[in-house]
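Q: Construct the entire structure; sequences and hints are all you get.
With the numbering used here applied, the sequence shown closes on residue 243, and no number is skipped along the way.
Fair warning: there could be bad hints in the mix.
[As the list claims (entries may be wrong)] Straight line, CA to CA, 25 Å or less: simulated DMTMM-like cross-link-like pairs of lysine to aspartate or glutamate:
1. K203 - D143
2. K29 - E94
3. K4 - E158
4. K4 - D143
5. K211 - E182
6. K15 - E71
7. K15 - D68
[As the list claims (entries may be wrong)] Label-pair restraints from in silico Cβ distances:
8. E187 - V54: 17 to 23 Å
9. E187 - A229: 44 to 50 Å
10. S44 - L231: 57 to 63 Å
11. S206 - G16: 44 to 50 Å
12. V85 - A238: 16 to 22 Å
13. L99 - T175: 29 to 35 Å
14. F226 - S49: 55 to 61 Å
15. D154 - A238: 32 to 38 Å
16. G16 - W237: 30 to 36 Å
17. L196 - T19: 25 to 31 Å
Just so you know, the hints here were simulated from the structure itself, not pulled from any lab data. Note that this is a predicted model, so its numbers are computed, not measured. Note that CB positions come from ideal geometry on N, CA and C, so glycine has one too.
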Amino acid sequence: MPGKFTYTFNTSTFKGTSTIQTGLFIGGKWVDPVEPAMVEWVTSAYKTSWGLKVPGTLRGRLLYKLADLLERDIDEFAALESLNVGKVYANAKEGDLRLTIDVFRYYAGWADKVHGKTIEMMLSWKFGPALATGNTIVLKPSDITPLTALRFADLVNEAGFPPGVVNIVNGYGSTVGQAMIEHPLIEKVAFTGSTLVGRKILKASSESNLKVVTLELGGKSPTIIFDDADLEQAIKWAASGIL
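A: Right, dumping it as structure tokens:
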């Protein structure tokens, strides 16, 4: 049986306990990492309980519900993200999480208005546009910072998404990630990370089923500060860019 990770927060910004499942979230359930049939669940859900089987109005309602649940638990998720990646609590809450909630609501509004058109994908939030347009998802978070993604799976179930629509798997990129980009039933890969890994994804796509690939690669918030710059302002905006 999959295990659990429990952490108790006792800070001035958040007090409470967060429990996170540590297995794989497949088909709406937590399963052991050795259990197979991940992609089969995804393709089955697309054909039977999602995709063209579900009208855009219902997809939109589920995304709105997901946004409401995240807003309800925003303090816990901000604390988790601080623990997860070392981000300042206020920035995680009022920056990342508020924007994430807004993005879900934005794409919820698009769900019944997209008819064969392309809408812009915003930043690294890939859930919104994929779910709004009827796609099923397999998310592999970083093996270093998986906590918020795993906790998010509980909200997916609570919101009422059909089993298999959203799936979250843990593991190293060299094993789990490689299996995903080589699998013949996965038709699209969106990746944020290093240029080196991006090259490997393009190569694997060309050697498998020619997956559609979207890559966001390279460094984080590069800054050039010249000799005549206002140092106080430079520090302020360099720090803001990193956050």
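Q: Now tell me, hint by hint, if it's right for this structure.
A: Right, here's what the structure says about each hint:
{"no.": "1", "hint": "K203 - D143", "verdict": "holds (22 Å)"}
{"no.": "2", "hint": "K29 - E94", "verdict": "violated (31 Å)"}
{"no.": "3", "hint": "K4 - E158", "verdict": "holds (18 Å)"}
{"no.": "4", "hint": "K4 - D143", "verdict": "holds (16 Å)"}
{"no.": "5", "hint": "K211 - E182", "verdict": "holds (9 Å)"}
{"no.": "6", "hint": "K15 - E71", "verdict": "holds (17 Å)"}
{"no.": "7", "hint": "K15 - D68", "verdict": "holds (21 Å)"}
{"no.": "8", "hint": "E187 - V54: 17 to 23 Å", "verdict": "holds (18 Å)"}
{"no.": "9", "hint": "E187 - A229: 44 to 50 Å", "verdict": "holds (47 Å)"}
{"no.": "10", "hint": "S44 - L231: 57 to 63 Å", "verdict": "holds (58 Å)"}
{"no.": "11", "hint": "S206 - G16: 44 to 50 Å", "verdict": "holds (47 Å)"}
{"no.": "12", "hint": "V85 - A238: 16 to 22 Å", "verdict": "holds (18 Å)"}
{"no.": "13", "hint": "L99 - T175: 29 to 35 Å", "verdict": "holds (32 Å)"}
{"no.": "14", "hint": "F226 - S49: 55 to 61 Å", "verdict": "holds (57 Å)"}
{"no.": "15", "hint": "D154 - A238: 32 to 38 Å", "verdict": "holds (36 Å)"}
{"no.": "16", "hint": "G16 - W237: 30 to 36 Å", "verdict": "holds (34 Å)"}
{"no.": "17", "hint": "L196 - T19: 25 to 31 Å", "verdict": "violated (35 Å)"}
The structure shown violates the earlier hints numbered 2 and 17.
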